[in-house]
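> Each chain, letter by letter, is given below.
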Amino acid sequence: MNQFIKFVFIGASLIGASGAAIAQQKLISAESEIAFISKQLGVPVSGKFKKFDAEVSFDPKKPEAAKVNFTVDLLSTDIGNSETETELKKPGWFNSAKVPAATFQSSSVKALGAGKFEFTGKLGMKGISQSVVVPITVTQSGGKSRVVGSFNLKRLDFKIGDGDWNDVSLVANEVVVNVNLALTGIPPL
Amino acid sequence: MNSNNTRYSGLAIAFHWLLALMICISFGVGLYMTSLAFSPQRLKLYNWHKWAGVTILVLSAARLLWRLTHRSPPLPLTMPAWQRAASHISHAALYVFFFAVPITGWLYSSAAGFPIVWFGIIPLPDLVEKNRELAETLKPFHWIAAYSLATVVVIHIAAALKHHFIDRDTVLLRMMPQSKKSSLS
Numbered sequence: 013m014n015q016f017i018k019f020v021f022i023g024a025s026l027i028g029a030s031g032a033a034i035a036q037q038k039l040i041s042a043e044s045e046i047a048f049i050s051k052q053l054g055v056p057v058s059g060k061f062k063k064f065d066a067e068v069s070f071d072p073k074k075p076e077a078a079k080v081n082f083t084v085d086l087l088s089t090d091i092g093n094s095e096t097e098t099e100l101k102k103p104g105w106f107n108s109a110k111v112p113a114a115t116f117q118s119s120s121v122k123a124l125g126a127g128k129f130e131f132t133g134k135l136g137m138k139g140i141s142q143s144v145v146v147p148i149t150v151t152q153s154g155g156k157s158r159v160v161g162s163f164n165l166k167r168l169d170f171k172i173g174d175g176d177w178n179d180v181s182l183v184a185n186e187v188v189v190n191v192n193l194a195l196t197g198i199p200p201l
Numbered sequence: 116m117n118s119n120n121t122r123y124s125g126l127a128i129a130f131h132w133l134l135a136l137m138i139c140i141s142f143g144v145g146l147y148m149t150s151l152a153f154s155p156q157r158l159k160l161y162n163w164h165k166w167a168g169v170t171i172l173v174l175s176a177a178r179l180l181w182r183l184t185h186r187s188p189p190l191p192l193t194m195p196a197w198q199r200a201a202s203h204i205s206h207a208a209l210y211v212f213f214f215a216v217p218i219t220g221w222l223y224s225s226a227a228g229f230p231i232v233w234f235g236i237i238p239l240p241d242l243v244e245k246n247r248e249l250a251e252t253l254k255p256f257h258w259i260a261a262y263s264l265a266t267v268v269v270i271h272i273a274a275a276l277k278h279h280f281i282d283r284d285t286v287l288l289r290m291m292p293q294s295k296k297s298s299l300s
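So the sequences go chain by chain: V and R. Residue numbering for the first sequence follows this note's numbering, beginning at 13 and increasing consecutively. Residue numbering for the second sequence follows this note's numbering, beginning at 116 and increasing consecutively.
It is possible that part of the hints are untrue.
Cβ-to-Cβ under 10 Å is the rule here; a few derived chain R residues that face chain V [said to hold, decoys possible]: (1) 154; (2) 158; (3) 161; (4) 165; (5) 232; (6) 234; (7) 236; (8) 240.
By construction, these hints were calculated from the structure, which means they are not laboratory data. For glycine and all other residues, C-beta sits at the position ideal for the given N, C-alpha and C.
The following block holds chain V by itself, in its conformation from the complex (with noise of 0.2 Å):
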């Protein structure tokens, strides 16, 4: 009983520290966009995505050691449109009412020079978990980091648009999401 308490203590305050070098460094959500476009008959159909938050932990001269855990609210989607947006939330789509937060938690960071790294790591959405791969640039001025990237998923992977709507020629499989994101507490590239 005693080790089992001890164990616990130990792993509350492991978690405690990661938390602290964390939470030095914040994702600040009002200056930083999620989007993305999916393809309609070849109509570019835009979104984004208003709440979303990180977990950051991730210094560019040790990229080997970067965490980033990302969660995006889909109940958040922004389509421009209620009644499409209504539609995302059901089962087909996002089944956003019943698993409402997409996830991306990186696994491997590579740095590729001059402000580019890529990440590497599982994207969860819909209780189903793929691989992907997230290039990124890095650029720096007082005291704040923008984050620009962007990657394709296949939406099929992820059974969104599943049933009714698997018919890539009418909503095209490929969807890009561009990432444009501001946060503080970034080491120096």
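With the hints as your guide, set chain R onto chain V.
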């Protein structure tokens, strides 16, 4: 007076009937598609409706150009002045709505965040930026313009039939494709 200037030219007649058909189908599809629930079928119909609308807009511009550069065949001398005035007004109204209906649709589509890609190939510019409130404001205008056009079309058809079957004049025949039977000589 020879038969060449008592009837519209072949091009004008082709414009008239082609656009009449396209406008009627687009109106019908518009009514039907808006009654559907969110579905792939509805998405297809919306896009076809938009492609048809842009085609109608382009053809109407060409047609207007033709109309402004060519004389229309004269109206029967038996027509009273008020009918001539009414005819001119209703034709002007038709042309206004030939443009107003597709343009209000395009405006709404832009504001709603669905750009038009003509036939799925040619991306057209957005007339306004994506804006939820603006989209809601614009939506009824397309509807109002379409119903206004439908109203003038009904008057137009009623007048044409009245000329043909009651007045028994040549007004409708001016716009009929030439055949052996309908020769106006």
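> Which earlier hints can't be squared with this structure?
Of the numbered hints given earlier, the structure breaks just one, which is hint 8.
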